[in-house]
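**Student:** Sequence:
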Amino acid sequence: MDEVKYRKGHFGFEILNGNTSEFIEIYPQRDNKSIRQYLSQFSLKNRQKVEIIVMDMNAGYQAPIRELFPNAIIVVDRFHIVQLAMKAVQSERIKIQRELSDKNHNRVYKLLKSNWKFFLKAERNIDTSNTKWFRGVNEYMYPQDALQLVFKDFPNFKTVYDVYQSVLDARFNHTFTPLELVINNYKNNKTEMDTVIKTYKK
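Quick note: the sequence shown uses the working numbering, first residue 238, plus one each step.
Please keep in mind that the hints were generated in silico from the structure rather than gathered at the bench.
In this text, all values refer to a predicted model and were calculated from it rather than measured experimentally.
Misleading hints may appear alongside valid ones.
Said to hold, decoys possible - Under the rule of at most 16 Å between Cα atoms (straight-line distance), these lysine to aspartate or glutamate pairs were calculated in the EDC-like manner:
no.: 1; residue 1: LYS438; residue 2: ASP293
no.: 2; residue 1: LYS350; residue 2: ASP339
no.: 3; residue 1: LYS347; residue 2: GLU376
no.: 4; residue 1: LYS358; residue 2: ASP406
no.: 5; residue 1: LYS395; residue 2: GLU376
no.: 6; residue 1: LYS332; residue 2: ASP431
no.: 7; residue 1: LYS435; residue 2: ASP293
no.: 8; residue 1: LYS438; residue 2: ASP314
no.: 9; residue 1: LYS358; residue 2: ASP399
no.: 10; residue 1: LYS324; residue 2: ASP431
no.: 11; residue 1: LYS427; residue 2: GLU336
no.: 12; residue 1: LYS347; residue 2: ASP382
no.: 13; residue 1: LYS347; residue 2: GLU336
no.: 14; residue 1: LYS395; residue 2: GLU360
no.: 15; residue 1: LYS282; residue 2: GLU304
no.: 16; residue 1: LYS332; residue 2: GLU429
no.: 17; residue 1: LYS395; residue 2: GLU429
no.: 18; residue 1: LYS439; residue 2: ASP293
no.: 19; residue 1: LYS369; residue 2: ASP382
no.: 20; residue 1: LYS270; residue 2: GLU304
no.: 21; residue 1: LYS286; residue 2: GLU304
no.: 22; residue 1: LYS389; residue 2: ASP399
no.: 23; residue 1: LYS438; residue 2: GLU417
no.: 24; residue 1: LYS439; residue 2: ASP314
no.: 25; residue 1: LYS354; residue 2: ASP364
no.: 26; residue 1: LYS324; residue 2: GLU429
What the hints assert, rightly or not - Each pair of labels, with its calculated beta carbon distance range:
no.: 27; residue 1: LEU418; residue 2: LYS324; range: 19 to 27 Å
no.: 28; residue 1: VAL319; residue 2: PRO265; range: 21 to 29 Å
no.: 29; residue 1: LEU253; residue 2: ASP382; range: 39 to 47 Å
no.: 30; residue 1: ALA300; residue 2: ASP339; range: 43 to 51 Å
Note that beta-carbon positions come from the ideal geometry of N, C-alpha and C, so glycine has one too.
Generate coordinates for the entire structure from the input sequences, incorporating the hints supplied.
**Tutor:** Next comes the structure, spelled out in structure tokens:
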């Protein structure tokens, strides 16, 4: 089950067969009440046979689905887990850019604005042994030095970035045990990652 935009300005949710990827239906509503009414059309006997449901983290979906499919294991789509953390990185990056003064001469601003894809890249895919040309600041730097340039003045960004990297590692290694430690030890810092961690804990 997943949220989907089925026409301009309209969202609903789609149902696919998890084993065959066969499309089943798009329901043109996504609120809690509508979803509950729709899924209640299926008999309890059939709903009890459902073993696994893969879905996004939309809180409106979870309550009726857990109730209507009592025997199903709820599995969160890995794409949405990564997407939430990615949005938190982007949000904090943009917030920093807005806070910085003298944007024409500030190296951190230029680095963040012109190299945003770099801050979303998995660290395991970053070559730290060679310098890289960073646009905006227009100079060659070691990637780790570029990161530290931002981290030293904005420690909250480092926290958000590190959590995001932990999420990427968990997805790549197909194990969420290390990520669980990160989530359990996380301290709120008034960034969007606070909300992400709260959502993960659900």
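**Student:** What are the numbers of the hints the structure violates, in ascending order?
**Tutor:** 5
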